[in-house]
Amino acid sequence: MNYTLSIKELRSVLSAKGSLLFIKSIPGVRYSEIVEVVLESGESRLGQVIDVSRDATVIQVFGGVSEVNVKTSKVRFKGESLRIPVSSDMFGRVMDGLGRPIDGGPNIIPEDFLDINGVPINPASRLPPSEFIETGVSSIDGLLSIVRGQKLPIFSGSGLPHNRIATQIVRQARVRGSEERFAVVFAAIGVTYEDAYYFMNSLRTASTIENVVSIINTASAPTIERIATPRVALTVAEFLAWRYDTHVLVLMVDITNYCEALRELSAAREEVPGRRGYPGYMYTDLATIYERAGRINGKKGSITQMPILTMPDDDITHPIPDLTGYITEGQIVLSRDLFRKGVYPPVDVLLSLSRLMKDGIGTGKTREDHYQVFMQLVSAYAEGQYLRELTAIVGSESLSDRDRKYLNFADLFERRFINQGEFERRSIEETLNVGWDLLATLPEDELKLIGVDYIRKYHPKYRS
Amino acid sequence: MVIGKVWRVSGPLVIAENMSGSMIYEVVYIGNDALIGEIIGIQGDKAFIQVYEDTSGVSVGEPVEGSGKLLSAELGPGLIGKVFDGLQRPLSELEVLIGPFVKRGVKASSLPKDVKWFFRREKGLEIGSKVGPNDIIGYVEETPIMTHKIMVPHGVSGYLKEVVGDGDYRVDEVIARVESGGKVFNIKMYQEWPIRKSRPYVRRLEPTELLITGTRVLDALFPVAVGGKAAVPGGFGSGKTVLLQTLTKWSRTHINIYVGCGERGNEMADALHSFKKLVDPSSGRPLYEKAIFIANTSNMPVAARETSVFLGATLGEYFRDMGYDVLLVADSTSRWAEAMREISARMEEMPGEEGFPAYLGSRLASFYERSGRVECVGNPSRSGSLTIFGAVSPPGADFSEPVTQNTLRYIGTLISLDVSLANRRHFPSVSWLLSYSLYVDNVSAWWSKFNTSWSELRREFLRLLQKEAELMEIVRLVGPDALPDQDKLILEVSKMIREDFLQQSAYHPIDSYSPPEKTLMMMDIILKYYKKAYDVLLQGVPLVSIKELPIRAKISRMKEVSPNEFSKFYVNIVNEIEESFNNLVKGVVG
Ligand SMILES: Nc1ncnc2c1ncn2[C@@H]1O[C@H](COP(=O)(O)OP(=O)(O)OP(=O)(O)O)[C@@H](O)[C@H]1O
Ligand SMILES: [Mg+2]
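So the sequence lines, in the order shown, correspond to chains A and B. Counting from 1, position 338 in the first sequence corresponds to residue 338 in this note's numbering; the numbering is continuous, with no gaps. Converting from the second sequence to this note's numbering requires adding 1000 to each position, the first position being numbered 1.
To be clear, the hints were calculated from the coordinates, so they are not data collected in a lab. Note that the structure is a prediction, hence the values are computed from the model and not measured. Possibly wrong hints are sitting among the right ones.
[To be verified] Derived DSS-like pairs: lysine-lysine, alpha-carbon spacing no greater than 30 angstroms straight-line:
1) Lys24/A <-> Lys1005/B
2) Lys1554/B <-> Lys457/A
3) Lys1559/B <-> Lys461/A
4) Lys448/A <-> Lys1467/B
5) Lys1488/B <-> Lys300/A
6) Lys1467/B <-> Lys1531/B
7) Lys78/A <-> Lys1554/B
8) Lys1488/B <-> Lys405/A
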């Protein structure tokens, strides 16, 4: 693209609504270019051209159009898309949702200016993610293994401890046999100041992390900036990963706020609403965020994403978790039930899934029996859950000995496998061994999903 | 050529003025970067253009240039094992040209024009003989397992003046000349075909053969015929992609085309890598030597989702025309439908159900209808087929939505995936109660070449599973104790069917592919067990002793027995079933 750098200015705003400005078109306006709206007071806000025809131009204003006086405001066209300055010197810095420093520090001395929309990775240039990340959390390492380059969201509910879990993961995550560290890019999207502060603080004090960049859009910041916030964070992440060979973990919280902003914008544009008022293109829009993860042929760095969202009404079929699940490579679902029982982390292992797990585990990566132990644990827990429901209806008198063992297994599984300390780090061997100890409470011929050779090798009965 | 001007830009939709003289579906180049677009509507002198590349930076007044051509695919040697985007740009080559990111405005030839292929001329064809469309004039061994047949393009017929001798040629060299009424056609190894138009055939043939997929729940319960069409709807994580990938890996077809349309980049990467590693069971060659990939991931321009499915269908028909059996899978058709909805909304068309355009159904039909087993045009006479599977991703896993419902109108087999089965790690999570196949009668003759009667085994399996569902309702109300032993036996056997037969891991080294012979024997074993158990139950043997028989555990591991050893295993286990039950009766009665 070769933009001519002639900056155009205009004084005739036709109307303003929500976060949109409608103006008369002037020649040369580019679709999706950035504009600066200068108010009478001298304050300036950024905006973006979202529709342009010969007669009219529609501008979406970050920061909203309140106080925009149609008569006196000026619109200045920049001739290019939204770009942010990036540098390898950004660690420790805090920026707002549009990438402007808000920590009182100096301006970023740019090594480059990058378009916040990024460029899609050629699918033929991607490397399938396969390096196991040990988080030290049994439910995750054992049953939902994460690999470098994966995008794995946490589906939470209001009041559930996703903040603590996410910071525990960041604190403990490591790749075996590799000294390389994660850099963390943290994006707060429309969360309260306390939440944002909690994250920044725990990320900074976690002893292993000197490498945090924070992009903060709090609940009180303009809604419309939320559209840019995750993109700014990912642009920083891409710069670090692809230009500086860094393994980057991007933590984004809360995607639900992002989607609300998208819905608001769509309503302002008077688009035909899709399910529950969210725009029909929300899948594609979210994909342009989530797909910015992965590994690339010939590049040393990687981008792993952990977006966090709160499911409205704990409903997993709500468009926000639903469309997210359709794009990400699995999901970690938190359960209110387990939370009430006092289990931490309250991971619903039946609804949760890591799709890239199989490539990251097994011989040479974790342990040869990992996949089969995982399948057996989940299937036994599912059976235990089913029996729980059954006994809730028909009582436990009619239960066979086998059934009782499964019920007992389900309890043990929640208390000893899923449940662990917030500062407890279990190695993958410890995790698998706990798993075996629990499986040993079941009759041996129930372990149909595990090969006989592994039973001989790892079953406590044969191990001593 | 028509040259107009950009009048409006709204996302992937550009409206251009001064465009009179252009035609619907004509390819146009937009703006200074010559972005590729296609005219999808004309009003007065304005053309509505869906643009296949990101339109950021385009401004009003930039030029829009018509091409006079429809959006077409290049068909010839150089397709197999490749990855294309929705516009048939070779993604693997682009990597070399422009690095790992897909930039816009890049033009690249679909087929390699610098590679020489060894052309072997069809010896039966004499100079001076009359040739017409699709007549085979020679062969290129494109991969060790794929012979590319070079055909006379459509629109050409006349007398063969000249064919080059065997030797190495590039695809754009003239390899034959055909003369008709003083006009000479130069024939090259490649031809072009507009992707939205289906390639002609002589007539449709009945779909009578089973598409052997090696996935038991399909082959045994919900078969798809060669040349048939099937839909795979399911909520997120239910296993659509894994199932479709498994089909393209193991189906006994000549060519498999995998269209990733609006889905994940990592999945595409995984498919590409595993197709290089895994080998085709019948030839022992890497799977990519008979596969083509089309990748337009969710973050790539939405309009190109549509071209990727039609491009897939065109490549499929082209190989069908050579006399091959081709399998095309599209993951996911919902993403294509959503792209249609987005463009339609921007065109301010009257929205239909849930905002989808009124032509959603007919557009889906124009895709699925390109499947079929046909007698091909051209000499020598031959038949070929294109089988289509489309994934559907219903919002909230609610199948009442428009894309699922419209798709159901056109397909022959419904493979309905159930999220609750997937959550219990029952894979493939095909619902045995909601799925159906309209090809059952057609393919039962095919199955009858094995001694055992497939239709009967199938019917009995479905009956037991249906019965199980009813019994489970009762169990949920009053507990299992209330059931008589016969019913408890049905629960037991249904569990065997579910766990020891239907569940099939896509990642198991042996079980991921189950040949029809093995599948049939497995069904027979389970039913033999059921019959014997039922008999001895009537003779007074308590159910607990039946359940304790060691034979039960053996059956539960039969999936892991390799196909080569299965016949032997079958004979043994059938004897063992017989013996252990007889002993049981003796123990009780005697
Ligand atoms: N046949 C199978 N064998 C073993 N595991 C399977 C099988 N099918 C599915 N799975 C498991 O289920 C996960 C999800 O499957 P898949 O990615 O195919 O879902 P999907 O329906 O395509 O979801 P989406 O709509 O989000 O793309 C896989 O990553 C794998 O772990
Ligand atoms: Mg999928």
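Has the given pair, Lys1488/B with Lys300/A, been kept, meaning a C-alpha gap of at most 30 angstroms? Measuring from Cα to Cα gives roughly 58 angstroms; hence the hint is violated.
Next pair to validate is Lys78/A with Lys1554/B; report whether the Cα-Cα distance is within 30 angstroms. It is violated: about 73 angstroms lies between the C-alpha atoms, which goes past 30 angstroms.
Please work out if Lys448/A and Lys1467/B have their alpha carbons no farther apart than 30 angstroms. holds (25 angstroms)
Sort out whether Lys1531/B lies within 30 angstroms of Lys1467/B, counting only the CA atoms. Holds: Lys1467/B and Lys1531/B sit about 16 angstroms apart, inside 30 angstroms.
Sort out whether Lys405/A lies within 30 angstroms of Lys1488/B, counting only the CA atoms. Measuring from Cα to Cα gives roughly 20 angstroms; hence the hint holds.
When you check the alpha-carbon spacing of Lys1554/B and Lys457/A, does it fall within 30 angstroms? holds (21 angstroms)
With the threshold set at 30 angstroms, check whether the alpha-carbon distance from Lys24/A to Lys1005/B stays at or below it. Holds. Lys24/A to Lys1005/B sits at ~19 angstroms (cutoff 30 angstroms).
Holds or violated: Lys1559/B and Lys461/A, Cα atoms, limit 30 angstroms. holds (26 angstroms)
Figure legend: structure checked against the earlier numbered hints; hints not met, in rising order: 5 and 7.
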